[in-house]
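Participant: Below, each chain spelled out in residue letters.
Number of protein chains: 2
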Amino acid sequence: MVSGKWLKLVKSLQIKKYRQLHQCFLVEGTKSVLELLDSHLVIEVLFGTDTFLRQHIRTRSDISFEYHPASDDELARMGSFQTNNSVLAVVQMPRQHPLRIEKGEYALALDGIQDPGNLGTILRIADWYGLKKIFCSEDTADLYNPKVISSSMGSFMRVSTWYGDLGVHFETMQNIPILGAFLEGENVHQYTFPDSGIIVTGNESKGIRTDLHAYISDRVHIPRYGGAESLNAGIATAIICDNLRRTKKV
Amino acid sequence: MVSGKWLKLVKSLQIKKYRQLHQCFLVEGTKSVLELLDSHLVIEVLFGTDTFLRQHIRTRSDISFEYHPASDDELARMGSFQTNNSVLAVVQMPRQHPLRIEKGEYALALDGIQDPGNLGTILRIADWYGLKKIFCSEDTADLYNPKVISSSMGSFMRVSTWYGDLGVHFETMQNIPILGAFLEGENVHQYTFPDSGIIVTGNESKGIRTDLHAYISDRVHIPRYGGAESLNAGIATAIICDNLRRTKKV
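Going down the list, the protein sequences come from chains A and B.
Going by our numbering, the first sequence opens with residue 159, and the numbers climb by one from there.
Going by our numbering, the second sequence opens with residue 159, and the numbers climb by one from there.
Keep in mind the hints are simulated off the structure, nothing from the lab.
Ideal placement from N, C-alpha and C gives every residue a C-beta, glycine not left out.
Take the hints with a grain of salt, since some may be wrong.
In silico EDC-like cross-links for lysine to aspartate or glutamate, where the CA-CA straight-line distance does not exceed 20 angstroms [stated by the list, open to error]:
no.: 1; chain 1: A; residue 1: K305; chain 2: B; residue 2: E362
no.: 2; chain 1: A; residue 1: K189; chain 2: B; residue 2: E362
no.: 3; chain 1: B; residue 1: K305; chain 2: B; residue 2: E362
no.: 4; chain 1: B; residue 1: K189; chain 2: A; residue 2: E296
no.: 5; chain 1: A; residue 1: K290; chain 2: B; residue 2: E387
no.: 6; chain 1: B; residue 1: K169; chain 2: B; residue 2: E260
no.: 7; chain 1: A; residue 1: K407; chain 2: A; residue 2: D353
no.: 8; chain 1: B; residue 1: K407; chain 2: A; residue 2: E344
no.: 9; chain 1: B; residue 1: K189; chain 2: B; residue 2: D230
no.: 10; chain 1: B; residue 1: K407; chain 2: A; residue 2: E387
no.: 11; chain 1: A; residue 1: K166; chain 2: A; residue 2: E202
no.: 12; chain 1: B; residue 1: K290; chain 2: A; residue 2: E387
no.: 13; chain 1: A; residue 1: K189; chain 2: B; residue 2: E202
no.: 14; chain 1: B; residue 1: K305; chain 2: A; residue 2: D273
no.: 15; chain 1: B; residue 1: K175; chain 2: B; residue 2: E202
no.: 16; chain 1: A; residue 1: K166; chain 2: A; residue 2: E260
no.: 17; chain 1: A; residue 1: K407; chain 2: B; residue 2: E387
no.: 18; chain 1: A; residue 1: K305; chain 2: B; residue 2: D273
no.: 19; chain 1: A; residue 1: K290; chain 2: A; residue 2: D196
no.: 20; chain 1: A; residue 1: K163; chain 2: A; residue 2: E232
no.: 21; chain 1: A; residue 1: K290; chain 2: A; residue 2: D353
no.: 22; chain 1: A; residue 1: K364; chain 2: A; residue 2: E296
no.: 23; chain 1: A; residue 1: K305; chain 2: B; residue 2: E387
no.: 24; chain 1: A; residue 1: K305; chain 2: A; residue 2: E193
no.: 25; chain 1: B; residue 1: K169; chain 2: B; residue 2: D300
no.: 26; chain 1: B; residue 1: K305; chain 2: A; residue 2: E362
no.: 27; chain 1: A; residue 1: K290; chain 2: A; residue 2: E263
no.: 28; chain 1: B; residue 1: K290; chain 2: B; residue 2: E260
no.: 29; chain 1: A; residue 1: K406; chain 2: A; residue 2: D376
no.: 30; chain 1: B; residue 1: K406; chain 2: B; residue 2: E263
no.: 31; chain 1: A; residue 1: K407; chain 2: B; residue 2: E344
no.: 32; chain 1: A; residue 1: K291; chain 2: B; residue 2: E387
no.: 33; chain 1: A; residue 1: K169; chain 2: A; residue 2: D196
no.: 34; chain 1: B; residue 1: K189; chain 2: A; residue 2: E387
no.: 35; chain 1: B; residue 1: K305; chain 2: A; residue 2: E387
no.: 36; chain 1: B; residue 1: K291; chain 2: A; residue 2: E387
Cβ pair distances, simulated, as ranges [what the hints assert, rightly or not]:
no.: 37; chain 1: A; residue 1: R404; chain 2: B; residue 2: K169; range: 41 to 51 angstroms
no.: 38; chain 1: B; residue 1: R216; chain 2: A; residue 2: T368; range: 32 to 42 angstroms
no.: 39; chain 1: A; residue 1: H226; chain 2: B; residue 2: P227; range: 27 to 37 angstroms
no.: 40; chain 1: A; residue 1: E344; chain 2: B; residue 2: E362; range: 25 to 35 angstroms
Using the sequences and the accompanying hints, generate a full structural model.
Facilitator: Right, here's the structure in full:
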């Protein structure tokens with residue numbers, strides 16, 4: 159049985175201020191936790207069903223963290239999944255490091271992506287297309303929100319993020335092309351991608367904030383062939399990345 | 159004040175069996191309803207705030223449906239939006255017609271897309287890329303689910319859908335190329351799209367069901383450059399459509 163102290167602590171990690179207080183976040187579900195065990199991230203404590211612990215923890219010789227058996231009901235009460243969860247890990251937040259763009263490298267910048275599901279999807283897209291760094295404005299959804307972690311399908315372990323003022327950051331990167339989607343931009347099907355760059359994705363309804371427009375050196379647009387007014391932020395990001403990788407491989 | 163009879167009827171349309179019983183569905187929000195007023199769809203009844211009715215209904219001479227003022231609170235109780243809704247329309251479901259693929263035309267087929275938000279996003283993608291027809295398996299989310307309608311951002315009015323057995327349907331279309339994403343498929347960046355075709359998108363976790371594999375004449379894959387295991391169904395559909403439109407314009 160999981161003690162009341164643990165139940166309360168783990169449950170609190172669904173809320174950002176407690177994640178910041180404890181500098182920890184939750185990773186839930188067998189698939190993500192198995193990837194986590196082989197990652198560089200540090201697990202504080204793990205709760206799993208007897209079956210999970212027997213199959214995946216007790217058989218390993220490299221486990222140096224605390225773990226406890228938990229019932230399905232306890233896991234459902236502690237975590238954000240409604241049902242069918244067999245494991246939950248409390249993980250230390252890695253310290254934020256400054257991210258630099260190397261020669262030949264591409265990164266994403268997210269300007270106010272609000273929806274945790276969208277952020278998770280964008281992490282997965284970055285990871286699919288081999289982009290390893292994401293700059294996030296301070297008002298972008300929190301990476302450690304359980305919905306972001308779960309919708310990223312493990313990609314949060316392979317992509318580094320940095321949160322801060324994008325304008326200040328772009329100031330320091332004046333020799334790197336900064337790409338943004340604008341209606342009057344160049345057709346992305348014809349655009350020649352520079353050797354390295356940062357692809358900026360704007361807020362779901364407002365797009366890229368005006369303050370940042372001056373930093374966008376390359377305006378592109380995704381050509382439209384029908385009646386929809388817009389594409390969602392994740393879709394637009396994926397299409398720009400796909401067009402990038404046609405010509406600039408990793 | 160909206161009568162109890164209306165409140166109950168409208169609220170019931172959030173549930174599929176009542177939508178089928180009444181052959182009606184809900185369209186909510188100013189932007190979608192304004193598009194609806196200029197579409198071919200038939201409105202049964204409309205509920206709006208006084209401001210909405212004054213600005214958008216009473217000024218028009220072509221209104222032939224019943225409409226009633228409703229308070230913010232009544233609109234919140236009747237509809238699926240939590241807050242900030244100023245209008246809600248009850249709309250007749252159009253009759254389902256068989257969809258044919260014309261020469262030079264592309265369509266989508268959805269094989270068990272479960273999530274209403276994904277279906278709405280895919281409608282928007284089809285509409286953006288000028289694909290006007292979507293074939294849906296019977297277990298695909300219901301087009302008339304309020305979440306589908308709202309996440310389609312009006313695209314449900316410009317794209318025709320058909321629900322039925324995809325296998326039976328594909329049987330009747332043997333001269334039309336049927337494309338599906340498979341890991342061992344041809345790289346979509348190099349693939350030459352035929353003149354017309356149907357792009358099949360599989361279920362979010364299981365992909366295209368085995369029974370349908372025999373009908374897929376053209377297997378393509380989206381090249382991956384990083385660590386993510388998969389892309390979500392909407393993203394993959396968008397990328398295939400974008401690659402299609404580079405070479406086959408509408």
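Participant: Does each hint fit the structure? Answer for all of them.
Facilitator: Structure-based check of each hint:
1. A/K305 with B/E362: This hinted pair holds, its Cα atoms lying about 17 angstroms apart.
2. A/K189 with B/E362: holds, 16 angstroms
3. B/K305 with B/E362: Answer holds: B/K305 to B/E362 is near 17 angstroms, not above 20 angstroms.
4. B/K189 with A/E296: The given pair, whose Cα atoms are some 30 angstroms apart, is violated under the 20 angstroms limit.
5. A/K290 with B/E387: holds, 15 angstroms
6. B/K169 with B/E260: violated, 39 angstroms
7. A/K407 with A/D353: The given pair, whose Cα atoms are some 10 angstroms apart, holds under the 20 angstroms limit.
8. B/K407 with A/E344: Distance of about 18 angstroms is within 20 angstroms: holds.
9. B/K189 with B/D230: holds, 17 angstroms
10. B/K407 with A/E387: Holds. B/K407 to A/E387 sits at ~18 angstroms (cutoff 20 angstroms).
11. A/K166 with A/E202: holds, 15 angstroms
12. B/K290 with A/E387: Satisfied, since the Cα-Cα distance of roughly 15 angstroms is no more than 20 angstroms.
13. A/K189 with B/E202: Violated. A/K189 to B/E202 sits at ~48 angstroms, over the 20 angstroms cutoff.
14. B/K305 with A/D273: holds, 16 angstroms
15. B/K175 with B/E202: holds, 18 angstroms
16. A/K166 with A/E260: violated, 43 angstroms
17. A/K407 with B/E387: holds, 18 angstroms
18. A/K305 with B/D273: holds, 16 angstroms
19. A/K290 with A/D196: It holds: about 18 angstroms lies between the C-alpha atoms, which stays within 20 angstroms.
20. A/K163 with A/E232: Holds, at roughly 13 angstroms.
21. A/K290 with A/D353: holds, 16 angstroms
22. A/K364 with A/E296: holds, 16 angstroms
23. A/K305 with B/E387: holds, 18 angstroms
24. A/K305 with A/E193: At roughly 17 angstroms apart (the allowed maximum being 20 angstroms), A/E193 and A/K305 satisfy the hint.
25. B/K169 with B/D300: holds, 17 angstroms
26. B/K305 with A/E362: Status holds; Cα separation ~17 angstroms.
27. A/K290 with A/E263: holds, 9 angstroms
28. B/K290 with B/E260: holds, 11 angstroms
29. A/K406 with A/D376: holds, 16 angstroms
30. B/K406 with B/E263: holds, 9 angstroms
31. A/K407 with B/E344: Holds, because 18 angstroms separates the two Cα atoms, which is no more than 20 angstroms.
32. A/K291 with B/E387: holds, 18 angstroms
33. A/K169 with A/D196: Not satisfied, since the Cα-Cα distance of roughly 25 angstroms exceeds 20 angstroms.
34. B/K189 with A/E387: holds, 11 angstroms
35. B/K305 with A/E387: Holds. B/K305 to A/E387 sits at ~18 angstroms (cutoff 20 angstroms).
36. B/K291 with A/E387: holds, 18 angstroms
37. A/R404 with B/K169: 41 to 51 angstroms: Distance hint for A/R404, B/K169 holds at roughly 49 angstroms.
38. B/R216 with A/T368: 32 to 42 angstroms: Since B/R216 and A/T368 have Cβ atoms about 36 angstroms apart, the given range 32 to 42 angstroms holds.
39. A/H226 with B/P227: 27 to 37 angstroms: violated, 58 angstroms
40. A/E344 with B/E362: 25 to 35 angstroms: holds, 34 angstroms
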